[in-house]
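Visitor: The primary structure of each chain is shown beneath.
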Amino acid sequence: MSILAYDFVLLGLLGALFTGLAAPAVGTYLVQRRLALMGDGIGHIAVTGVALGLLTGAAPILTAVVVAILGAILIEVIREKGRTGGDVALAMLFYGGIAGGVLLTGLAGQSAAKLNSYLFGSITTLTTADVWTTVVLAGVVVLVAVGLSPQLFAVAQDQEFAQVAGLPVRFYNVLVAVMAAVTVAVAMRTVGLLLVSALMVVPVATAQQVTRGFRTTLVAAMGIGTVAAAGGFLVSAYIDVAPGATIVLLALAGFTLAWPVGAGLRRRQRLRAPFTAAAAGHGPHDDGHTVVPEDHEHRHGDDCGHLAVPHEDHVDYVHDGHRHAQHGSHYDEH
Amino acid sequence: MPLTDENAPVVAQIVDGAVTLGGRPILRGIDLTVRQGEFVTLLGGNGSGKSTLVRTLMGLVPTTRGEVRLFGSPLTRFKDWKRVGFVPQRASATSGVPASVWEVVASGRLSRRGLLRPLRGKDKDAIADAIAAVGLSERVGDGCSTLSGGQQQRALIARALAGEPDLFVLDEPTAGVDHASQQAFAETLAELVRRGVTTVLVAHELGPVAPLIDRTVVMRDGRIAYDGPPLASFQDIEGWTDRGHHHPGLTEAAVDHAPNVGSPFDATTDGRQQG
Chain A
1 MSILAYDFVL LGLLGALFTG LAAPAVGTYL VQRRLALMGD GIGHIAVTGV ALGLLTGAAP
61 ILTAVVVAIL GAILIEVIRE KGRTGGDVAL AMLFYGGIAG GVLLTGLAGQ SAAKLNSYLF
121 GSITTLTTAD VWTTVVLAGV VVLVAVGLSP QLFAVAQDQE FAQVAGLPVR FYNVLVAVMA
181 AVTVAVAMRT VGLLLVSALM VVPVATAQQV TRGFRTTLVA AMGIGTVAAA GGFLVSAYID
241 VAPGATIVLL ALAGFTLAWP VGAGLRRRQR LRAPFTAAAA GHGPHDDGHT VVPEDHEHRH
301 GDDCGHLAVP HEDHVDYVHD GHRHAQHGSH YDEH
Chain B
335 MPLTDENAPV VAQIVDGAVT LGGRPILRGI DLTVRQGEFV TLLGGNGSGK STLVRTLMGL
395 VPTTRGEVRL FGSPLTRFKD WKRVGFVPQR ASATSGVPAS VWEVVASGRL SRRGLLRPLR
455 GKDKDAIADA IAAVGLSERV GDGCSTLSGG QQQRALIARA LAGEPDLFVL DEPTAGVDHA
515 SQQAFAETLA ELVRRGVTTV LVAHELGPVA PLIDRTVVMR DGRIAYDGPP LASFQDIEGW
575 TDRGHHHPGL TEAAVDHAPN VGSPFDATTD GRQQG
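As they're listed, the protein sequences go chains A and B.
The numbers in our numbering rise by one with no breaks, and the one at position 63 of the first sequence is 63.
Just so we're on the same page, our numbering is the position in the second sequence counted from 1, plus 334.
Hints in this document: simulated from the structure, not taken from any laboratory.
All of these numbers come straight from a predicted model, not from anything done at the bench.
All C-beta atoms, glycine included, are put in the ideal place defined by N, C-alpha and C.
A few of these clues could be false.
Capping the alpha-carbon separation at 30 Å, the derived lysine-lysine pairs in BS3-like fashion look like this [said to hold, decoys possible]:
(1) 458/B - 81/A
(2) 456/B - 81/A
(3) 458/B - 416/B
(4) 416/B - 456/B
(5) 456/B - 413/B
(6) 458/B - 413/B
Covered by chain B, according to a simulated footprint, are these stretches of chain A (three or more residues, beta-carbon under 8 Å) [stated by the list, open to error]:
(7) 45-59
(8) 145-159
(9) 173-186
(10) 250-256
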């Protein structure tokens with residue numbers, strides 16, 4: 001690899017790092033509002049923006065930012081107005097965006113390969129100006145997403161409550177949509193328009209396998225996104241494929257590793273949760289108790305290997321469909 | 335509890351209010367005045383408009399005529415939202431991303447917090463007090479999705495309490511809630527009544543809350559059918575919610591006040607075919 005190519009990689013790496021930081025930051029709020037596919041929709045619409053740049057000779061990253069923001073605001077308006085059929089309207093918008101992009105690219109006399117470099121990312125066509133645009137815009141997105149996190153969290157958590165708390169709900173909704181649009185547009189050179197949504201969603205899904213709170217999820221997702229974007233970018237530079245593919249596959253690999261851990265943690269938590277004490281006068285074991293008619297080969301205890309769950313003043317043991325505690329000479333089913 | 339004090343300041347008021355949603359009248363001729371320190375329950379059958387009424391009071395539903403005032407100012411100019419605590423009708427306190435009990439309750443403090451300001455000690459105390467008031471102190475750091483339905487409702491009540499409101503509005507907070515949570519809920523409300531907080535409660539069943547009530551409003555077909563001292567039993571309420579129709583010749587059509595079918599670009603929830 002020549003020094004020049006090495007510089008290219010460093011430049012691209014910088015862009016990938018900021019993209020990996022910004023995409024999950026916005027993605028967390030999208031996932032929280034159950035709009036995981038919104039980034040995907042904006043990506044489709046931004047294709048038209050890129051093609052507009054190719055057609056007019058303007059910088060595609062700027063036309064993509066503008067068209068993506070307009071598209072995101074339109075999505076937000078449709079979402080707010082039409083409650084029941086919003087998804088169908090959104091789908092039509094997405095298809096319109098990608099069809100318009102292909103049409104305009106054809107009119108501009110550009111090859112599909114040119115468009116491809118925006119759809120799946122590209123290292124070799126990165127320009128210094130692209131990278132600095134990415135760094136600045138992604139930096140702003142991260143600052144807003146973290147700085148306004150109490151407000152954005154409240155609005156995404158419960159819109160009606162936020163409105164009655166006096167928050168300008170519509171402003172924050174549009175703000176998230178615009179942040180998503182900006183992120184999509186700046187991410188298109190590294191991850192690509194069709195895969196950027198994965199970088200918004202997959203790190204969040206990975207983080208929440210092991211987190212319990214919102215803030216930890218947000219921070220962990222940003223960390224995971226940064227690692228996936230930087231790592232995937234380096235791999236793509238090494239094996240010479242579109243970086244979008246390696247970044248997304250690396251992020252998915254992370255999820256595949258985290259999921260069994262999360263599933264195990266959740267199962268463990270469910271099993272270990274103390275049984276609620278039945279209110280006085282309710283439940284069968286207040287009037288006497290249910291004796292288990294089963295012989296035990298051993299006494300349940302700390303070392304018997306059966307799951308022990310604290311229950312009021314004693315410990316219940318769970319095995320073979322039983323949940324019971326020792327009571328004198330026998331076991332009581334609880 | 336003393337009955338309504340005629341001289342107490344008006345906290346919430348609707349004068350000649352009407353609400354239409356998608357061209358369909360939902361509320362008609364509503365006159366309601368809630369005075370400081372009152373505990374008012376709103377009762378009525380499904381689709382009677384009781385939920386729409388409190389949502390109108392909170393500015394979530396626009397009025398087609400009439401005026402809504404909170405603490406003396408018309409809703410359009412009302413800015414003092416920190417004085418209002420609202421518990422919306424919700425099945426759960428969860429969303430697409432995990433959130434701890436503390437985080438959900440802390441979001442109720444935002445109305446008293448500036449932009450980009452860290453939490454002050456006072457805010458943290460209010461949040462901790464609100465969580466303690468609903469008996470969830472031991473679950474502060476746990477994710478909301480690990481709570482039972484009743485506990486999630488209590489978290490939503492704590493969220494509204496964290497803003498230390500003067501007016502507390504609850505939309506069916508006890509629907510489908512377990513017995514222990516209902517008891518905890520009634521104790522929380524009793525404490526608020528002692529502090530002189532004005533309360534409006536939309537309810538399906540009253541249970542342990544019944545002794546706290548100063549005044550009952552019964553809704554029927556979008557109108558206020560009864561407004562007065564608490565009714566002794568739900569038997570009495572049945573009398574007020576009965577649809578006494580004056581056109582005996584007509585066969586009664588199926589009554590459905592909230593049809594919920596729409597086509598993709600419909601802005602309304604009213605997609606019913608005529609005929």
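Visitor: Next step is simple, just say for each hint if it's right about the structure.
Guide: Evaluation of the provided hints:
no., hint, verdict
1, 458/B - 81/A, "violated (37 Å)"
2, 456/B - 81/A, "violated (39 Å)"
3, 458/B - 416/B, "holds (16 Å)"
4, 416/B - 456/B, "holds (15 Å)"
5, 456/B - 413/B, "holds (22 Å)"
6, 458/B - 413/B, "holds (24 Å)"
7, 45-59, "violated (count 0)"
8, 145-159, "holds (count 9)"
9, 173-186, "violated (count 0)"
10, 250-256, "violated (count 0)"
Of the numbered hints given earlier, the model fails hints 1, 2, 7, 9, 10; all others are met.
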